[in-house]
Amino acid sequence: MAIIVHLDRALARRRMSLTDLSQAVDITLANLSILKTGKAKAVRFSTLEAICAVLGCQPGDILSYQPDDEPG
Amino acid sequence: MRQRDHLVRSAAIIVQIGGIANRLFLVAVVTGLAATWLVPGFFNGLLAEANAAVDVSDALFGTRLLMMIGIVMAIVIDRMLVSMSAVISSAANGDPFVPDNARRIRAIGWALLTLQLLDIPCALLARFWPSLGSAAPSGDVSLGGWAATLMVFVLARVFTAGSVMREDLAGTV
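Residue numbers (our numbering), protein chains in the order written: chain A, 9 to 80; chain B, 2 to 174.
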């Protein structure tokens with residue numbers, strides 16, 4: 009996957025658990041866990057906005073782009 | 002929502018009853034067809050009794066063809082009702098937009114198309130077997146049937162698109 013999620017890093021910086029974030033942004037722990045493990049197919053702007061507001065960060069602190077390795 | 006649940010439950014019961022009735026019909030027709038060879042005298046007597054002027058062997062052959070069409074229809078209807086039942090039960094579980102349902106609805110479409118095409122042998126029987134008398138099928142072309150077949154194929158496409166969207170939504174946080 010070319011989009012890497014750094015939610016764990018952002019959480020560690022704020023010394024916050026995923027459960028605390030889940031309660032703060034009103035998103036289920038299961039959904040946040042899907043996002044954190046990079047299994048999500050899409051992220052709503054509203055989700056990104058809520059996470060950034062609570063963690064005091066920018067979307068770029070949570071998501072980054074890393075090109076897939078060229079085959080061969 | 003409760004009204005919708007009621008509708009789905011009712012549809013499930015109707016399809017189940019229809020399925021049982023159709024299988025009973027299939028068994029009856031298969032038995033009847035076998036009996037035309039096992040006890041032809043009985044059928045000859047019945048046909049002669051119905052119309053003394055009829056060519057009995059011709060009418061018996063026509064009756065056999067009619068029964069064979071009936072068997073094909075019953076098998077196709079059975080497949081269609083099985084698919085329908087699966088679609089209804091997925092709707093009852095609250096998750097009808099799955100790829101399996103798109104495949105099932107397409108199968109229903111093919112079944113309906115087969116039933117529509119079976120009008121052709123029915124029309125041929127009605128045209129070339131006057132000895133069948135009132136037992137001959139009408140063989141009329143049903144515009145409503147063709148429209149329903151087309152609609153079901155369109156619905157299958159809708160379900161294919163719907164299941165893809167549903168899959169995307171499932172991965173959206």
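What the hints contain is simulated information worked out from the structure, not anything from laboratory work.
Here a beta-carbon is modelled for each residue, glycine too, at the ideal position from N, C-alpha and C.
Some clues are possibly wrong.
Here are the simulated EDC-like cross-link-like pairs (lysine to aspartate or glutamate), alpha carbons at most 16 Å apart as the crow flies [said to hold, decoys possible]: (1) A/Lys44 <-> A/Asp69; (2) A/Lys49 <-> B/Asp169; (3) A/Lys47 <-> B/Asp169.
Covered stretches of chain A, going by a simulated chain B footprint (3 or more residues, C-beta under 8 Å) [what the hints assert, rightly or not]: (4) 30-40; (5) 43-53.
Estimated spans, in silico, between C-beta atoms of each pair [as the list claims (entries may be wrong)]: (6) A/Ser54 <-> B/Glu168: 14 to 24 Å; (7) A/Gly46 <-> B/Pro122: 54 to 64 Å; (8) B/Asp6 <-> A/Ser54: 49 to 59 Å; (9) B/Phe26 <-> A/Arg52: 27 to 37 Å; (10) B/Asp101 <-> A/Thr27: 29 to 39 Å; (11) B/Ile76 <-> A/Tyr73: 53 to 63 Å; (12) A/Ser54 <-> B/Ile14: 39 to 49 Å; (13) A/Ile11 <-> B/Glu168: 27 to 37 Å; (14) B/Val31 <-> A/Gly46: 52 to 62 Å; (15) B/Ala12 <-> A/Ala38: 44 to 54 Å; (16) B/Ala93 <-> A/Arg52: 42 to 52 Å; (17) B/Ile18 <-> A/Met24: 50 to 60 Å; (18) A/Gly46 <-> B/Arg24: 45 to 55 Å.
To see whether the hints hold, each was checked on the structure:
1. Proximity of A/Lys44 to A/Asp69 is assessed by CA-CA distance (about 13 Å); at most 16 Å being required, the pair is judged to hold.
2. In summary, the hint linking A/Lys49 to B/Asp169 is supported, as the alpha carbons are separated by about 7 Å, within the 16 Å threshold.
3. Restraint check: the Cα-Cα separation between A/Lys47 and B/Asp169 comes to about 12 Å, which is no more than 16 Å; the hinted pair holds.
4. Under a criterion of three residues with beta carbons nearer than 8 Å to beta carbons of chain B, the stated coverage of the segment 30-40 of chain A is upheld, 3 such residues being counted.
5. Judged by the Cβ-Cβ criterion of 8 Å, the segment 43-53 of chain A is covered by chain B as claimed, because 7 of its residues qualify and three suffice.
6. For A/Ser54 paired with B/Glu168, a C-beta distance near 21 Å keeps the hint of 14 to 24 Å intact.
7. Remark: the range hint 54 to 64 Å for A/Gly46 to B/Pro122 is upheld by a beta-carbon distance near 58 Å.
8. Restraint check, B/Asp6 to A/Ser54: a C-beta distance of roughly 31 Å breaks the suggested window 49 to 59 Å.
9. For the pair B/Phe26 and A/Arg52, the supplied restraint of 27 to 37 Å is violated, since their beta-carbon distance comes to about 53 Å.
10. At about 36 Å, the CB distance of B/Asp101 to A/Thr27 agrees with the hint of 29 to 39 Å.
11. Separation of B/Ile76 from A/Tyr73 is about 55 Å and conforms to the stated range, judged on CB atoms against 53 to 63 Å.
12. At about 42 Å, the CB distance of A/Ser54 to B/Ile14 agrees with the hint of 39 to 49 Å.
13. Against the hinted window of 27 to 37 Å, the Cβ-Cβ separation of A/Ile11 and B/Glu168 comes to about 18 Å, which falls outside the hint.
14. Under the hint 52 to 62 Å, the C-beta atoms of B/Val31 and A/Gly46, about 58 Å apart, fit the expected range.
15. For B/Ala12 paired with A/Ala38, a C-beta distance near 33 Å fails the hint of 44 to 54 Å.
16. Between B/Ala93 and A/Arg52 the beta carbon distance is about 30 Å. The supplied range of 42 to 52 Å is therefore violated.
17. Our hint of 50 to 60 Å for B/Ile18 and A/Met24 holds, since their Cβ atoms are close to 58 Å apart.
18. At about 50 Å, the CB distance of A/Gly46 to B/Arg24 agrees with the hint of 45 to 55 Å.
Consistency note: the structure conflicts with the earlier hints numbered 8, 9, 13, 15, 16.
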